[in-house]
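**Student:** The lines below spell out each chain.
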Amino acid sequence: MTDAAPNGAPSSTVFSKSEMMIVAAARELAGQHVCFVGVGLPNIAVNLAKRTVTPDLELVYEAGVFGAEPARLPLSIGDPTIVTGATAVTSMYELFSFYLQGGLIDVGFLGAAQIDRFGNINTTVIGDDYAHPKTRLPGSGGACEIAINARQVFVIMRQSKRSFVERIDFRTSPGNLGGAENAARIRREQGWLGMGPSVVVTDLGIYHFDETGEMRLDSLHPGATLEAVRDTIGWEPRLAAEVVTTPEPTAEELRLIRVELDPGGAYTK
Amino acid sequence: MSTSKVATMRDAVAEIVRDGDTVAIEGFTHLISFAAGHEIIRQRKRDLTLARLTPDLIYDQMVAGGVARKLIFSWLGNPGVGGLNAIRRRIENADPAPLELEEYSHFGMVGRYTAGAANLPFYPLRSYFETDLPKANPLIRPIESPYGDGMVYAVPPLRPDVTVVHAQRADAGGNTQVWGLLGCQKEAAFAAERVIVVVEELVDEAVIRADPNRTIIPGLVVDAVVVEPWGAHPSYVQGAYDRDNRFYLDWDPISRDEAAVQAWLDEWVYGLDGRAAYLDRLGADRVASLLPSGRAPSGSVDYGQYR
Chain X
1 MTDAAPNGAP
11 SSTVFSKSEM
21 MIVAAARELA
31 GQHVCFVGVG
41 LPNIAVNLAK
51 RTVTPDLELV
61 YEAGVFGAEP
71 ARLPLSIGDP
81 TIVTGATAVT
91 SMYELFSFYL
101 QGGLIDVGFL
111 GAAQIDRFGN
121 INTTVIGDDY
131 AHPKTRLPGS
141 GGACEIAINA
151 RQVFVIMRQS
161 KRSFVERIDF
171 RTSPGNLGGA
181 ENAARIRREQ
191 GWLGMGPSVV
201 VTDLGIYHFD
211 ETGEMRLDSL
221 HPGATLEAVR
231 DTIGWEPRLA
241 AEVVTTPEPT
251 AEELRLIRVE
261 LDPGGAYTK
Chain C
1001 MSTSKVATMR
1011 DAVAEIVRDG
1021 DTVAIEGFTH
1031 LISFAAGHEI
1041 IRQRKRDLTL
1051 ARLTPDLIYD
1061 QMVAGGVARK
1071 LIFSWLGNPG
1081 VGGLNAIRRR
1091 IENADPAPLE
1101 LEEYSHFGMV
1111 GRYTAGAANL
1121 PFYPLRSYFE
1131 TDLPKANPLI
1141 RPIESPYGDG
1151 MVYAVPPLRP
1161 DVTVVHAQRA
1171 DAGGNTQVWG
1181 LLGCQKEAAF
1191 AAERVIVVVE
1201 ELVDEAVIRA
1211 DPNRTIIPGL
1221 VVDAVVVEPW
1231 GAHPSYVQGA
1241 YDRDNRFYLD
1251 WDPISRDEAA
1261 VQAWLDEWVY
1271 GLDGRAAYLD
1281 RLGADRVASL
1291 LPSGRAPSGS
1301 VDYGQYR
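Chains as they are written, first to last, in this note's numbering: chain X, 1 to 269; chain C, 1001 to 1307.
Please keep in mind that the hints were generated in silico from the structure rather than gathered at the bench.
As the structure is a prediction and not an experimental result, all values here were calculated from the model.
Every residue gets a Cβ at the ideal spot worked out from N, C-alpha and C, and that includes glycine.
Do not take every clue at face value.
[Unchecked claim] Selected chain C positions facing chain X (in silico; Cβ < 7 Å):
{"hint": "1", "residue": "1028"}
{"hint": "2", "residue": "1114"}
{"hint": "3", "residue": "1118"}
{"hint": "4", "residue": "1147"}
Working from the sequences, and respecting the hints, build out all of it.
**Tutor:** Put into structure tokens, the structure is as follows:
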């Protein structure tokens, strides 16, 4: 495994960390039906899933599209290719009211700038003072309502000490709050349809959430080590009884990413 | 037959946009009226409150042009590229002056326009629970359901003084048709005091009446119709031209340097008298490269005659 995407032939089985992350995220979508696609890495992961593990996946874009059939990888989540050939184009009002808040979304797929052990997400500001941030991030967009209303939430992001933190600076999108018990009570009392985060895929491995509501490392990508995981996470991570190795990307998965989806390397650099 | 509302961009902006106004140039990725934004910069409007779900490059340019004192928004970035750097300088370093922020989520912004359009005192939604957004913006408030089944959050109505909508076509009376992503242009237009519609093509009223399902904004709420082909570039118009993704990438290094931003505004905004000159400068090759790769016409439907 190397850091940079190789420019070699598509048949090359050498793959980058980003490619492994995208492939692992796409495979997690097997068996899912309706997916709300977030900005950035989720966009390429869901488009790969549609070409591999789940061809019938209904792609929902917050711009107001249900059942997108993108003929090229959308470069933004408002790309014209998500419209042509789609099942339905709706106003954003209908999309957020009827499709999302109405409970029709199985998986909300998000990226994040900061995440904590319970899957709470910050995409708003870095720094303690909202009014005077060290770094101003984009903000919620649709993420806060996706986290609350989608039946489950998948997250894809690269691991680092700055992004996997003990305490996020701002809670933009709720995860398992302070733990599973606390989250289940609040979700019940407030009538949320969503059950919160279920998967986090990084450039090093795959996490699911255990009975306490905390992230648990279940799978390490080929070449990644527990040491590398601990070096890029702000808490002592829980480990599955047996941490498995993520199967390598197949030649076909790599071909789809390099030739069909992202020939310019916009997502894999 | 209605009276013609057709105007030049210069006249429409001069008469309809006033210093201190709240202005919404809407359009989600699609149909963003850069032409109107540039004319507002060119006319040196001041103290505007700019509302948009996604401020996008157009508000980065307008903030750099000094027209704004406040931003109302829900996602602040250059999609797929990075940050909006002129805006970030104002927020992170108050450089050259602070910028007031009022921040929501997308659904919150859509709800605000919806309440504004429907003359409601607030819009209720299930977002914001267990987040820090209500602390960051005290206008997001929890309310009890009057039917005793729990709490929801409320957002206040947003009634812009001016909404600008770019569209594929309208007639001279302002009856406006759009296809492709609809964003929340309809809600933002109905919520506004005054509306400018900018179109790729001016059509006969008969064209509108032949396909009434496609009309999203009636001339009833429109004050001016500006005919400005390619007025949405580097945003796009479904079926007419693609998003100029190269421009969005190129803006990143420009916008990191205040002097480069001002030089860009001199060259592309202050130094030009309108969209036609902008298109000339963009060049025929760049324009041709943005045409769709092929056609995808809709099927037609039969509305039937009922005499």
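**Student:** Could you check the structure against the hints above and give me the numbers of any it violates, in ascending order?
**Tutor:** 3, 4
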